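Visitor: As a plain string of letters, each chain reads:
2 protein chains.
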Amino acid sequence: MLAPVKVGILGLGTVGGGTVHVLQHNAEEISRRAGRGIVVTHACAKVLNKNHPYSTDQILLTEQLTDVVNNPEIEIIIELLGGTTIAREMTLQAIANGKHVVTANKALIAKHGNEIFAAAQAKGVTVAFEAAVCGGMPIIKAIREGLAANKIDWIAGIINGTSNFILTEMREKGSNFVDVLAEAQVLGYAERDPTFDIEGIDAAHKLTILASIAFGIPLQFDKVYMEGITKITSEDIQYAEELGYKIKHLGLTKRTKNGIELRVHPTFIPNKRLLSKVEGVMNAVMVESDALGQSLYYGAGAGALPTASSIVADLVDVTRTLTTDPGNRVPHLAFQPNALVDLPILPIEEIETSYYIRLSVLDKLGVLAKVTNIFSENSISIEAIIQKEISSSSDHVSVVIITHQVLEKRMIQAIQAIEKLQGLIGHVTRIRLERCA
Amino acid sequence: MLAPVKVGILGLGTVGGGTVHVLQHNAEEISRRAGRGIVVTHACAKVLNKNHPYSTDQILLTEQLTDVVNNPEIEIIIELLGGTTIAREMTLQAIANGKHVVTANKALIAKHGNEIFAAAQAKGVTVAFEAAVCGGMPIIKAIREGLAANKIDWIAGIINGTSNFILTEMREKGSNFVDVLAEAQVLGYAERDPTFDIEGIDAAHKLTILASIAFGIPLQFDKVYMEGITKITSEDIQYAEELGYKIKHLGLTKRTKNGIELRVHPTFIPNKRLLSKVEGVMNAVMVESDALGQSLYYGAGAGALPTASSIVADLVDVTRTLTTDPGNRVPHLAFQPNALVDLPILPIEEIETSYYIRLSVLDKLGVLAKVTNIFSENSISIEAIIQKEISSSSDHVSVVIITHQVLEKRMIQAIQAIEKLQGLIGHVTRIRLERCA
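Protein chains in written order, with this note's numbering: chain A, 1 to 437; chain B, 1001 to 1437.
Do not rely on the hints blindly, as some may be mistaken.
Claimed, not checked - To give a feel for the contact side, a few chain A residues facing chain B, derived at Cβ under 7 Å:
hint, residue
1, A142
2, A148
3, A149
4, N150
5, P218
6, L305
7, A334
8, F335
9, P337
10, N338
11, R358
12, V406
Hints are computed from structural coordinates only; laboratory data are not their basis. From a predicted model like this one, the values you see are computed outputs, not experimental measurements. Beta carbons are placed, not taken as given, at the ideal position from N, Cα and C, and that holds for glycine.
Take the sequences, apply the hints, and build the full model.
Guide: So this is what it looks like as structure tokens:
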């Protein structure tokens, strides 16, 4: 058997510790598969958790990143620094030193992946990033390799566990967003600053990567439309239930004849669809492709051990291709670098979807007639209308409308016109609705 | 760009035709990914469907299998002959000729895989078989590569679409088995001779393969416990609904401290579990592993294009490793050939599971007391009992019991004792129940 592959790790926090733990705890399983051992020989860590479940006896610890990145013995660097500044520098330096890199850093890949992959390509090394999308789920491998025969039509995914946990709790307990967010923070499912998760930024990072490997387009994080879950109310969740839907925070990317849709937002999904059954912190990605049809991948999207699972799978893959001619490795973005196509990304106004619309009006039939008129003028066809008295003492009613598919810009126009109507109370609530996801 | 890889195909039936269609229709996508073309240059077909959607202009057609298998120009053979006699011979001959083989033949791999992989190993070629398990779902890749970091604990899968279709229809329409089977045959979801599907043989082929790649054990089809869906009644399906379960035909393989469970049978699954939501002809496989936890893979388990999707994915993988040192390829059974471990397969008497038990008794409290006594004597603990009058005019009642986990041999003993009781009408119905799947 060959000597073990030597790995250096940048960052021994939760995920780094989990990775060392998995490599040590499952060393036998891993080398039975890989045909040789994979060991962490060097690690850079500012602070070391004394209660970690792994041994640092065989690991040379340092506080200098460059001690690891420039060490000639190390063949693969695991980048777990977070952020995009030092992480980018260290990744590029590792590449320049001829080392392969495994990373769980979705922001790094979404924002600097084009540059990083070009550098890796030029140097003939691999940058592997399974752990960057949906933690432990092997979704990158499934799409990049498992679906290699397919033209992919769309991807719809629950790709942010925090948002899915919050929406699940809001529905099951009837609680409001703020309370559930606080609960999620106590449980460790949401960060102290939860912006990345609840505003859709984290999901947008992942969707950027999924769209590139699905359609063979460059990474374009700045073109993702982003909407988080902060405005979802218990009222909307209740209406969803009544109408046979669930509200899920989805990342959606779709190939259309005009370009690629690339959007992250709360979405009504019919109760019958499998994605609507994915609860709590779990992630799931549905892919529609021409040969296979619909396929779904489900698993833990975060956590130390699930993320370590993907990192170590990448280590095994990289180990197997150490002696492979770089041209025969799986390309970083699924398609050969010279075969990427710069398809246009559609602005949100140009996407097509259905809608759930909720408005509060004074109890006048006239308002409803005007609303349906405005829809009709904007070629928006209505699938269902529900009208509900808020309470017997109140003089206004809630009107809920489900529409068929329409261009978003028409809906924007319609909402602008509706919001000018006399008799409308407050703003119009608009949540996109997807029937196929 | 390199010249296209030349592929020969044995059998141009539904799946063969689908494969040629996908390779032609998605030629651009495929070569953008693989970095070179993949073309079928030779095919052996006894009868050719004139209405197929692909072109045979560039394909040399022959009726002699050996014309394809012995052709020195061909690098990869796709084996789609079905059966295990000629298919085995041709596969071994292709290997002997130094060709890689891609197959969708689950019986061939389950029964002769050990011999075939040993021959391939000796010759330094690959035999790829993603299409042999669950059609288009990339489940072999997910387990063999995606979960490489994990110790796998168990796999539970809906891996026979025909059985799942029949059970779904029986539940949704309240129909009985025989009628739905006839309907499935008309729709093309069941074969004229449906034995392989409804008796669990097809599922057992797939489970044999899944167990090997999960645990690193040799293929042992003859040790799979098999039970089909032919004895499932509408009555049991109705009780399942009432109790909050669905009946699914599962393939189950589990690592226990005494050995490996390897079993295929109808199973009660709690309604809350994702597997219980998988309906119709779709397949889904849940995997429990130590680092990732639970992950699920869902997709079309049969059909020309889904199966072609896996065959072509294998072609791309094989193409990428044509120049790879064989020792660095992904091992056939996930673990290095010299690292397989011959863990004992448990006989069905030694497996541990929960049970749904239904019996019909004359309306005497005494019988029920004796039944609970027998369970207690066999250390079987009862979770729930339901007693139902069949009708007001009838003098017997149906008793349904849900048990906790127990060794199967204890349940066999208990049932034997119960069937000797006076007051029992007919036989005891016993369906295994899994809470975690």
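Visitor: If a hint holds in the structure, say so; if it doesn't, say that too.
Guide: Quick rundown of the hints versus the structure:
1. A142: holds, 5 Å
2. A148: Given a least distance of 4 Å, the restraint on A/A148 holds.
3. A149: It holds, given that the least Cβ distance between A/A149 and chain B is near 3 Å, below 7 Å.
4. N150: It holds, given that the least Cβ distance between A/N150 and chain B is near 6 Å, below 7 Å.
5. P218: violated, 14 Å
6. L305: Holds: closest Cβ of chain B sits about 5 Å from A/L305, inside 7 Å.
7. A334: holds, 6 Å
8. F335: Interface hint status for A/F335: holds (5 Å vs cutoff 7 Å).
9. P337: At about 10 Å, which exceeds the 7 Å cut-off, the nearest Cβ of chain B leaves the hint on A/P337 violated.
10. N338: Hint violated; A/N338 Cβ to chain B Cβ min 9 Å, cut 7 Å.
11. R358: violated, 28 Å
12. V406: violated, 30 Å
Consistency with the previously given hints fails for numbers 5, 9, 10, 11 and 12, ordered from lowest to highest.
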